[in-house]
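Chains A and B supply the protein sequences, listed in that same order.
Residue numbering for the first sequence is 0 to 226, as defined by numbering that gives the first Met the number 0.
Residue numbering for the second sequence is 0 to 170, as defined by numbering that gives the first Met the number 0.
Hints in this document: simulated from the structure, not taken from any laboratory.
Note that this is a predicted model, so its numbers are computed, not measured.
Treat the hints loosely; a few may be bogus.
Claimed, not checked - Listed below are the simulated DSS-like cross-link pairs for lysine-lysine, each with C-alpha atoms no more than 30 Å apart in a straight line:
| id | chain 1 | residue 1 | chain 2 | residue 2 |
| --- | --- | --- | --- | --- |
| 1 | B | K159 | A | K6 |
| 2 | A | K6 | B | K22 |
| 3 | A | K112 | B | K159 |
| 4 | B | K119 | B | K161 |
| 5 | B | K22 | B | K161 |
| 6 | B | K159 | B | K22 |
| 7 | B | K161 | A | K112 |
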Amino acid sequence: MDLDDLKQTWQEQDSALDANLRLRTFARHAGNVRQTDTAGRRLVRGLWIEVILSFVATLLFGSFLADHILEPRFLVPAAMLQLAAVLSIATGVRQLVAAKMRDDSEPVVAVQKRLESLRVERLRATKWTFLVAPLLWTPLLIVGLKGLWGLDAWAAFPPAYLPASLLFGLAMIPLGLWLARRFADRLACSPLLQRLARDLAGRNLNAALASLASLAEFEREEAVGSN
Amino acid sequence: MTPTPPQERFQILLDPHKKILWKVASSYCKSAADRQDLVQEIAVQLWRSFDRYDARLRFSTWMYRIALNVAISFYRSESRRIRHTVPAEESILEIAEIAAEPSSPEINPNRELLHRFIAKLDPLDRALVLLYLEGTPYDTIAQILGISETNVGTKIGRIKQKLRREAANAA
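Just chain A, with the same shape it has in the complex (with noise of 0.2 Å):
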């Protein structure tokens, strides 16, 4: 057997294609059509939301920054919040202008490059904030309490409490990424919590790594000579 055996086999099939294929009028459907969502749409809409949530936490926390700007108790958590937020901007916008130059009729290794890249990128700034996210809680405490009700969380507070709550989020980073290497492959019941476990545990990235590094695989020229 021989892919020269297969192609004529293949091309039998377009005699029956031709009779069973049939386009529909287009044009009364083109506007519907266009405005389909699709997966590329849903990911520029979601990185739109997260820059513009993260941008007006930035003026929210900008705004707290300068009105504490000589008290270091509020102004370091504060800082580290501002700090996040601008990463997240960043990164939200890195992305935003990667998904917008997609264009599918490029060749498809460079498309297919571009995009596991992407997902790289993207599977990194999820894996961070999920992990940073734990050290964020003490410093959204006292901001937010004394931004939204002007109450002073180091004096409302035992003396242990805000350290002893900085290093149990320390604490939780481990302990969430063994939960997630654990538990990945057992959340098929949910699949957005099984993704997100997978996320975590890295699993997603090293697929998407391996998948760029089979697409160099691909584009590499080959030594040996054809047949």
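Please arrange chain B on chain A, whose structure you already have, making use of the hints.
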């Protein structure tokens, strides 16, 4: 003279190549439902990209690039689905699915073998084999995939060897 509306121009260009939609979709999907979804997703992407179509490129080459890019992305990600977002009555390509299905393996065992062989390939080799089976010249395959013509020849040779080995092992 009134210029042809873009929808009509698109349909005129698409019509002679509509089989590409079905062939690409059937190479990347096992179930009829997924195949139908993928055909629609490719058609949507073709229409959205039509504004940027550069007439210096053959329409079929442009179409293959988009179809394969959408199909590979669809294949790689379980979540990338537009099921239920394109109502059936707005489908672009109507497929008489049953009649277009390959005949039973008893009648043509080569078809069964062909589909099994394609299903075993990774997404990029699958694209390469699909284009080869279509009789696409190597330089056009290279243009569609974005690799060199020599590389196309080498990879086709390697896939041929693999198929021969598999056929020998099966015999």
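We went through each hint and held it up to the structure:
{"no.": "1", "hint": "K159(B) / K6(A)", "in the structure": "holds (12 Å)"}
{"no.": "2", "hint": "K6(A) / K22(B)", "in the structure": "holds (13 Å)"}
{"no.": "3", "hint": "K112(A) / K159(B)", "in the structure": "holds (26 Å)"}
{"no.": "4", "hint": "K119(B) / K161(B)", "in the structure": "holds (11 Å)"}
{"no.": "5", "hint": "K22(B) / K161(B)", "in the structure": "holds (22 Å)"}
{"no.": "6", "hint": "K159(B) / K22(B)", "in the structure": "holds (20 Å)"}
{"no.": "7", "hint": "K161(B) / K112(A)", "in the structure": "holds (26 Å)"}
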